[in-house]
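Asks: Listed in order, the protein sequences are those of chains U and R. Using my numbering, the letters of the first sequence correspond one by one to residues 1 to 257. Using my numbering, the letters of the second sequence correspond one by one to residues 1001 to 1248.
Heads up, some of the hints might be wrong.
[Claimed, not checked] Straight-line Cα separation of at most 20 Å, DMTMM-like style, residue types lysine to aspartate or glutamate; simulated pairs:
1. R:Lys1179 with R:Glu1102
2. R:Lys1204 with R:Asp1166
3. R:Lys1211 with R:Glu1058
4. R:Lys1074 with U:Asp165
5. U:Lys164 with R:Asp1072
6. R:Lys1182 with R:Asp1120
7. U:Lys248 with R:Glu1094
8. R:Lys1104 with R:Glu1058
9. R:Lys1016 with R:Glu1058
10. R:Lys1016 with R:Glu1063
11. R:Lys1104 with R:Glu1094
12. U:Lys164 with U:Glu152
13. R:Lys1211 with R:Asp1243
14. R:Lys1152 with R:Glu1102
15. R:Lys1182 with R:Glu1117
16. R:Lys1046 with U:Glu152
17. U:Lys164 with R:Glu1102
18. R:Lys1211 with R:Glu1160
19. R:Lys1216 with R:Glu1029
20. R:Lys1046 with R:Glu1160
21. R:Lys1105 with U:Asp165
22. R:Lys1075 with U:Asp165
23. R:Lys1074 with U:Glu152
24. R:Lys1104 with U:Asp165
25. R:Lys1204 with R:Glu1032
26. R:Lys1075 with R:Glu1102
27. U:Lys164 with R:Asp1120
28. R:Lys1172 with R:Asp1243
29. R:Lys1009 with R:Glu1154
30. R:Lys1211 with R:Asp1024
These are calculated hints, taken from the structure and not from any lab test.
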Amino acid sequence: MGEKQKRVFFGAIGIFVFLCIWYVATALTALGTVMPDPITVFTGFFTAFVEPIGTHSMTMHILISLRRMLVPYIAGGVLGVLVGILMGWYRVADAILMPYIQMIRPIPPIAWIPLSIVWFGFSEGSKYFLIFLACFFTIALTTYNGVHSVDETLVRAARMLGAKDNQLFTSIVLPTTVPYIFSGLQVALGSAWATIVAAEMIRSSEGVGWLIISGQETGDMTQIMVGIVAIALTGLLITSIMRGVESKLCAWTVRGK
Amino acid sequence: MENKQPKVKVQNLTKKFGDLLVLDNLNFEVKEGEFLCIVGPTGCGKTTFLNSLTRLYEPTAGEILVNGIPVDPKKQNISYIFQEYSSFPWLTVEQNIRFGLEIKKTPKAEADANVEEMLDVVGLTKFRNYYPSQLSISMLQRVAIARAFATKPELLLMDEPYGQLDIDLRFKLEDELIKLWKKTGTTVLFITHNIEEAVYLSQKIMVLTNKPTSVKTVLDNPLPLPRDVVSEEFVKLRNKVTDLIRWW
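Chain U on its own, in the form it takes in the complex:
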């Protein structure tokens, strides 16, 4: 069995054991009174693809949440990379922007909910704003670190081969920074997706976060668990896609390992 197959095999065994423990615990202990067993949850999850919860099927809930996440994630990604490069390349930009970034970054996105409602109302804008905050700073800082990690020997080597400043930037600084950007994008993707529940707490009637909030309001534990499973599986899917893209674009960092 190859390394990859082994990884998948043991991963599957781990999940299976977890589901068994979950099942046994809900069947034989008091946990069963406050939590549905995995068969009920997964049946509810798959049924939701054909029978709508609220006004939408599971596919639509997932797609709506993905759109809510992707729009600000892409905006945060583009802006984060630009600001990170700007701060990494120009000392003045670093001096001006870094204090703001270091001050705002530790504030959890959820703390911005009241202000986001005041600024953007109950529209999609407030949700976008929260998710944007969840990814922008991570991406900006990892990009900044990438620019600063440029190996001086490689810069000298490129200079000696005749590279001018703009060529140094495109042929040395950017490629060095790409793995850092991807690492930031990967972490930010997780944060953005995790923030979806908080964002959908601001009045909504659809989305995977809404499934949880609505389940809480109606005391429907299965729906809450279905929402959690939807978030977990979609999160796994999008981070795997991102990892696939990274392994193609940063083959040089992955192949040797």
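Since the structure of chain U is already known, use the hints to place chain R on it.
Replies: Chain R in isolation, oriented as in the chain U frame:
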């Protein structure tokens, strides 16, 4: 040999770091196509010397002329092989060798031909699509050498490129270097602390003094190629250079 023009002319080269005088009024010439090894006591400022020569460090005073005009790597075709491994990790072997040609906007057909030739000479044709992280130390240095020669540089500067290699590998790469130098006729300035290496490779050996560094002497190396490191003449010349460097 005697008719050749000076490729590099260094006049009154001085470099200070604050009050510390490192290079003290260096004057010398290197002829077109010459292989000059530069040796000196440890810490005498050999790397500073090469970095000043290429303006990676701005000299405090003096002038460095290549083909009669002030040296400038952006305008002149100069290559530099560093002590540290300097392959670009995100580029394959082939892309690394092509790098300088693309920077200099060499026409594609010519660039392709140069890359193929270099891959062949350093024996990396089969590894053209490998990334540096997949290569051994000797292969990495071969990539650096191929990249440096691919642009057909008029001047090649080498700063202890084989300093971290074991003796077998070093001799192998030194032989490859001589082959490439003879084939291309490039002018080479090779810095080393290894006197045997200097005698093995060079046509001339420049001996530097302790800091503040100046040129102690320049010796001719008339031994025919390929050289035998245990021959009487080789050992005699090696001992002569050792005596010149000895400061104890």
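Asks: Indicate, hint by hint, whether the structure satisfies it.
Replies: Hints, one by one, checked against the model:
1. R:Lys1179 with R:Glu1102: violated, 25 Å
2. R:Lys1204 with R:Asp1166: Violated: Lys1204 (chain R) and Asp1166 (chain R) sit about 24 Å apart, past 20 Å.
3. R:Lys1211 with R:Glu1058: holds, 18 Å
4. R:Lys1074 with U:Asp165: Distance of about 10 Å is within 20 Å: holds.
5. U:Lys164 with R:Asp1072: holds, 11 Å
6. R:Lys1182 with R:Asp1120: holds, 16 Å
7. U:Lys248 with R:Glu1094: holds, 18 Å
8. R:Lys1104 with R:Glu1058: violated, 23 Å
9. R:Lys1016 with R:Glu1058: With a Cα-Cα distance of about 10 Å, the restraint between Lys1016 (chain R) and Glu1058 (chain R) holds, given a limit of 20 Å.
10. R:Lys1016 with R:Glu1063: With a Cα-Cα distance of about 15 Å, the restraint between Lys1016 (chain R) and Glu1063 (chain R) holds, given a limit of 20 Å.
11. R:Lys1104 with R:Glu1094: Measuring from Cα to Cα gives roughly 16 Å; hence the hint holds.
12. U:Lys164 with U:Glu152: holds, 15 Å
13. R:Lys1211 with R:Asp1243: Within the cut-off at roughly 17 Å; holds.
14. R:Lys1152 with R:Glu1102: holds, 13 Å
15. R:Lys1182 with R:Glu1117: holds, 15 Å
16. R:Lys1046 with U:Glu152: holds, 19 Å
17. U:Lys164 with R:Glu1102: holds, 12 Å
18. R:Lys1211 with R:Glu1160: Given pair Lys1211 (chain R), Glu1160 (chain R) holds - Cα atoms ~19 Å apart, limit 20 Å.
19. R:Lys1216 with R:Glu1029: The given pair, whose Cα atoms are some 14 Å apart, holds under the 20 Å limit.
20. R:Lys1046 with R:Glu1160: Measuring from Cα to Cα gives roughly 10 Å; hence the hint holds.
21. R:Lys1105 with U:Asp165: holds, 15 Å
22. R:Lys1075 with U:Asp165: Holds, at about 14 Å.
23. R:Lys1074 with U:Glu152: Holds: Lys1074 (chain R) and Glu152 (chain U) sit about 18 Å apart, inside 20 Å.
24. R:Lys1104 with U:Asp165: holds, 14 Å
25. R:Lys1204 with R:Glu1032: Holds: Lys1204 (chain R) and Glu1032 (chain R) sit about 13 Å apart, inside 20 Å.
26. R:Lys1075 with R:Glu1102: holds, 15 Å
27. U:Lys164 with R:Asp1120: Roughly 29 Å between the alpha carbons, so the hint for Lys164 (chain U) and Asp1120 (chain R) is violated.
28. R:Lys1172 with R:Asp1243: At roughly 27 Å apart (the allowed maximum being 20 Å), Asp1243 (chain R) and Lys1172 (chain R) break the hint.
29. R:Lys1009 with R:Glu1154: With Cα atoms ~14 Å apart, Lys1009 (chain R) and Glu1154 (chain R) stay inside 20 Å; holds.
30. R:Lys1211 with R:Asp1024: holds, 8 Å
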